[in-house]
Amino acid sequence: MIWYRAEKERGDNSTPLLLIAPYLSVKLAEECQRTGINFLDTVGNAHIDVPGTYLFITGKPRPKEPRAATDQSALRKASTLRVIFALLTIEGLAQQPVRTIAEAAGAALGSTSNAIEDLVALGFITGEARKRRLANKEALQVEWARQYPISLRGKLKPQRYACVDGADWRGSSLLTDEPEVALGGEMAAAALTQYINPASACIYSWLDRGQLLRKHRLRPDPGGPIEVLDAFWPRADQAKAKAVEPAVAPLLLVYADLMASNEGRSVEVAGMLMERLKNGA
Numbered sequence: 187m188i189w190y191r192a193e194k195e196r197g198d199n200s201t202p203l204l205l206i207a208p209y210l211s212v213k214l215a216e217e218c219q220r221t222g223i224n225f226l227d228t229v230g231n232a233h234i235d236v237p238g239t240y241l242f243i244t245g246k247p248r249p250k251e252p253r254a255a256t257d258q259s260a261l262r263k264a265s266t267l268r269v270i271f272a273l274l275t276i277e278g279l280a281q282q283p284v285r286t287i288a289e290a291a292g293a294a295l296g297s298t299s300n301a302i303e304d305l306v307a308l309g310f311i312t313g314e315a316r317k318r319r320l321a322n323k324e325a326l327q328v329e330w331a332r333q334y335p336i337s338l339r340g341k342l343k344p345q346r347y348a349c350v351d352g353a354d355w356r357g358s359s360l361l362t363d364e365p366e367v368a369l370g371g372e373m374a375a376a377a378l379t380q381y382i383n384p385a386s387a388c389i390y391s392w393l394d395r396g397q398l399l400r401k402h403r404l405r406p407d408p409g410g411p412i413e414v415l416d417a418f419w420p421r422a423d424q425a426k427a428k429a430v431e432p433a434v435a436p437l438l439l440v441y442a443d444l445m446a447s448n449e450g451r452s453v454e455v456a457g458m459l460m461e462r463l464k465n466g467a
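This note's numbering puts the sequence shown at residues 187 to 467.
I should point out that these hints are in silico values taken from the structure, not numbers from a laboratory.
Just so you know, even glycine gets a beta-carbon here, dropped at the ideal spot from N, CA and C.
Hints should not be assumed to be uniformly reliable.
Here are the simulated SDA-like pairs of lysine to any residue, each with C-alpha atoms no more than 20 Å apart in a straight line [as the list claims (entries may be wrong)]:
id, residue 1, residue 2
1, K246, L204
2, K343, L398
3, K213, K246
4, K246, L205
5, K250, V212
6, K213, R262
7, K401, E366
8, K343, A446
9, K464, E366
10, K343, G409
11, K323, N465
12, K343, A232
13, K341, R262
14, K213, A232
15, K401, D351
FRET-style restraints, in silico, Cβ to Cβ [as the list claims (entries may be wrong)]:
id, residue 1, residue 2, range
16, Y240, A321, 43 to 49 Å
17, K213, N465, 56 to 62 Å
18, K213, T312, 33 to 39 Å
Work the whole structure out from these sequences, hints included.
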């Protein structure tokens, strides 16, 4: 159709035509060259053949289509939630190269790049490369906490346990003498606010699960008071600080755990933690 209309418009007119298009592939560019049609596209491909001037540029890639800024389905991807969590909890990470962000998030490079593009389209990231900045941070925190139990938590191998000897779970060495885990949920909330008496334990672990169970004498129990999940963020270097006690999980994760419980007392404490998040804690 292009060639037919070009020939029709040209007729006996000696004035060269100029075709302007969003993008012309290599094949179309070569066809324009062959048939003597001058063209320009928006990414810099061109064919100009007029007296005294000849220019032929082709091979520049098709421009990326902008993602729909109203589609938040991307925030339901586990890999995107990992990236968001890293960006929200590691100061200055947004300005780092994509590879660094991927390593911090424990996500594939391609998934990380896509996640960043989605966040830009949704208005949660502004700027490019080392000038990237998080925007609408509070809304992103709330959305992450809402999506976490739906799309990411189930992939962390959550399972409940009880003490092998039937002892009170509150006395488990897992809660007092294990630097390779972090406290989540009510245990973390109690440590942070002293406002709640934990009814169960939520533990995020960097240890191999089997090793953890043997070391702390735990057995699987669907109704057990200790829930263990795989930690999904980089472990702080507690060895340098000679830590022997569990750390507390990042505040955003503790908030998400409490909100997911749907228990009134936990949701109340979650509100306290959100105030800390708003204040940059």
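* **Satisfaction of hint between A232 and K343, Cα-Cα up to 20 Å** => violated (54 Å)
* To do: Assess, step by step, whether the Cα of K343 is no farther than 20 Å from the Cα of G409, and give holds or violated.
  => holds (16 Å)
* K341 and R262: Cα distance at most 20 Å? -> Given that 20 Å is the threshold and the Cα spacing comes to 13 Å, the pair holds.
* Distance restraint between K213 and A232, which requires alpha-carbon spacing of 20 Å or less -> holds (13 Å)
* To do: Take the C-alpha atoms of K213 and K246, compute the straight-line distance between them, and say whether it is at most 20 Å.
  => The given pair, whose Cα atoms are some 12 Å apart, holds under the 20 Å limit.
* Restraint check for K401 with E366, where alpha carbons must lie at most 20 Å apart -> holds (12 Å)
* Asked: Under the criterion that the straight-line Cα-Cα distance not exceed 20 Å, is the pair K343, A446 satisfied?
  -> holds (17 Å)
* Asked: For the pair supplied as a hint, K246 and L204, is the alpha-carbon distance within the 20 Å limit?
  -> holds (19 Å)
* Would the pair K250 and V212 pass a check requiring their Cα atoms to be no farther apart than 20 Å? -> holds (17 Å)
* Holds or violated: K343 to L398, with C-alpha atoms at most 20 Å apart -> Measuring from Cα to Cα gives roughly 14 Å; hence the hint holds.
* Pair hint outcome, K246 versus L205 [Cα-Cα no greater than 20 Å] -> holds (17 Å)
* Take the C-alpha atoms of K213 and R262, compute the straight-line distance between them, and say whether it is at most 20 Å. => Violated, at about 39 Å.
In terms of the numbered hints stated before, the structure departs from hints 6, 9 and 12, listed from lowest to highest.
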